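From just these sequences and the hints, can you work out the full model?
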Amino acid sequence: MDETSDLAAHPLTAARLEKLEALRAAGVDPYPPRFERTHLAAELHTTFGDLEAGAETDVEASVAGRIMLKRSFGKLVFATVQDASGRIQLFCDARRLDPEDFDRFSELDVGDWVGATGRVITTKKGELSVAVERFALLAKALRPLPEKWHGLTDTELRSRRRYLDLIMNEESRRVATTRVRIVSELRRQFTDRGYLEVETPVLQTQAGGALARPFVTHHHALDLDMYLRIATELHLKRLVVGGLERVFEIGRVFRNEGIDATHNPEFTMLESYEALADYLDIMTMVEEIFAAVAEVATGSTVIHYQGREIDLTPPYRRIRHLDAVREAVGADVSYDMTMDDLRALARRHGVEPEQAWGHGKIFDELFEELVADGLWEPTFVMDHPKEISPLARVHRDDPHVTERFELFIAGSEYANAFSELNDPIDQRRRFEAQARAKAAGDDEAHPIDLDYIRALEYGLPPTGGLGIGVDRLVMLLTDRSHIREVLLFPTLRPED
RNA sequence: GGGCCCCUAGCUCAAUUGGCAGAGCAGCGGGCUUUUAACCCGUUGGUUGUGGGUUCGAGUCCCACGGGGCCCA
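In our numbering, the protein residues as written are 1 to 496.
It is possible that some hints are incorrect.
[Claimed, not checked] Below, in silico cross-link-like pairs of lysine-lysine (BS3-like), each with a Cα-Cα straight-line distance of 27 Å or less:
hint, residue 1, residue 2
1, K19, K148
2, K19, K75
3, K75, K125
4, K124, K148
[As the list claims (entries may be wrong)] The following label-pair restraints were derived from C-beta to C-beta distances:
hint, residue 1, residue 2, range
5, E156, L7, 18 to 28 Å
6, Q355, P462, 32 to 42 Å
7, W376, H218, 37 to 47 Å
8, G27, E156, 39 to 49 Å
Since the hints were derived computationally from the structure, they do not count as laboratory data.
Model, not experiment: these values are computed from the prediction.
The beta-carbon is built from N, C-alpha and C at its ideal position, and this holds for glycine as well.
Here it is in structure tokens:
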């Protein structure tokens, strides 16, 4: 079976294969090793943007890019090439090249990579161009690009062949580059605050630090089942025990759960831990960071998302978790209620309580059902139930809740933070409670991590910890409603 | 997991009540020295996602499967 047979079998690609062979036969390398570029397209537009129509400079420029459009006349060819910075027109006039070279230029296809050298001019119609004197094919494209006007719109194809999406859709390139700037700014924010960026294991023998189903894999040499991390939390806090007092990590985490508009099995999480800080300190930091990142991504702290405005200028509203539930159910719920009364109340509000749920879990289900979606402007929901926060410190004034907050914007959670639980004896009890939940059928319960408890037994100072879902943040700041739009390669079923 | 919807040429899309599978772009051939999605003339290109069924006849109706989307849980 010839590896080019599928190309040869289709007339569209067969024609290009024939051109490729003809070039080789004529001694032209269709895939040369390098090209000396002197100018990016955008540089030419910046420098010569004011040139009047019909001008001819004596500046020689070498540009390189992919041919996106081609307009061919008898003795004249216009080609629009696209490089990483933008687009520039190549003006190929038969009078400026050897006839042989002009014919070769005419033979170029849309999609080909080309490098061209010549004077910077404007055409009679005023289009800034490079008047080609020499050129080189840099890479022959054997497959045609999508349609030049409508481009590539099919969401599945755009995800599966991201390279085509990036070639064809400027908006996709913009989202990709904005994501990079957001991550850079996040990194800068933490390093400027004296945090060390560290790396912790992806492969773990226990998947802790969050409540989620992990991916399982196997290490052959150790004959050991291992998990892909679902969080970086427990390792980062070990580092704080070790005296790295401010650490953060921006890394991929993996959760073996469904795929939808806001969930991908692998996603990017930022976690940070700061010794001697509590959750209120972290809250202030989160406001500052979100405002700074919004400014970098959009040029303003007032952003537009899904047709509505959101003001990310600090300070953000703060509301206690239980107060939010009280407001939503219109009754004075509390931890003193009987389980029967609370379950009845939950059912009245569309929440069917499971047997294992205590007060805190029911309150949180009510919160998710009744409150979360309505939180449009940035809102810190704070002091979550102890039952659903196994790694957070008990609140200094209320034994039922923890010193924790989540930042909600546009109905979704963007940050989750606590005053970290540093009491090893309390931590052990919380893990044991999770073990009981697991035994009762909760497969998202947190496993007991004895080495982590041992680390705590050496003394974790008071610590403020934070997690930020980076993909969600990028969605917010690029106004995308689907996570696949901010992931270059979202998880997909295989094509065949 | 449940419901609804989509899949037609490389791409973007048509196809009446179940009645000859089409257009534009791309490609190929020709023309053209200032285009901007160039234009003009001609022309190639199809297992209608896959497999089955109903029917004289299926892109269209039915079933299963695959891929995707939206909503709900």
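Here is how each hint holds up against the structure:
Taken as a hint, the K19 and K148 pair is honoured in the structure, with Cα atoms around 21 Å apart against an allowance of 27 Å. Of the pairs offered as hints, the one joining K19 and K75 holds, with about 21 Å between alpha carbons and a cut-off of 27 Å not exceeded. Taking the CA atoms of K75 and K125, the gap is near 18 Å; set against the 27 Å cutoff, the hint holds. For a cut-off of 27 Å, the pair hint linking K124 to K148 stands: about 24 Å separates their Cα positions.
Our hint of 18 to 28 Å for E156 and L7 holds, since their Cβ atoms are close to 23 Å apart. Separated by about 36 Å at the C-beta atoms, Q355 and P462 satisfy the suggested range of 32 to 42 Å. A hinted range of 37 to 47 Å for the beta carbons of W376 and H218 is consistent with their spacing of about 45 Å. Checking the proposed 39 to 49 Å range against G27 and E156 shows it holds: the Cβ atoms sit about 42 Å from each other.
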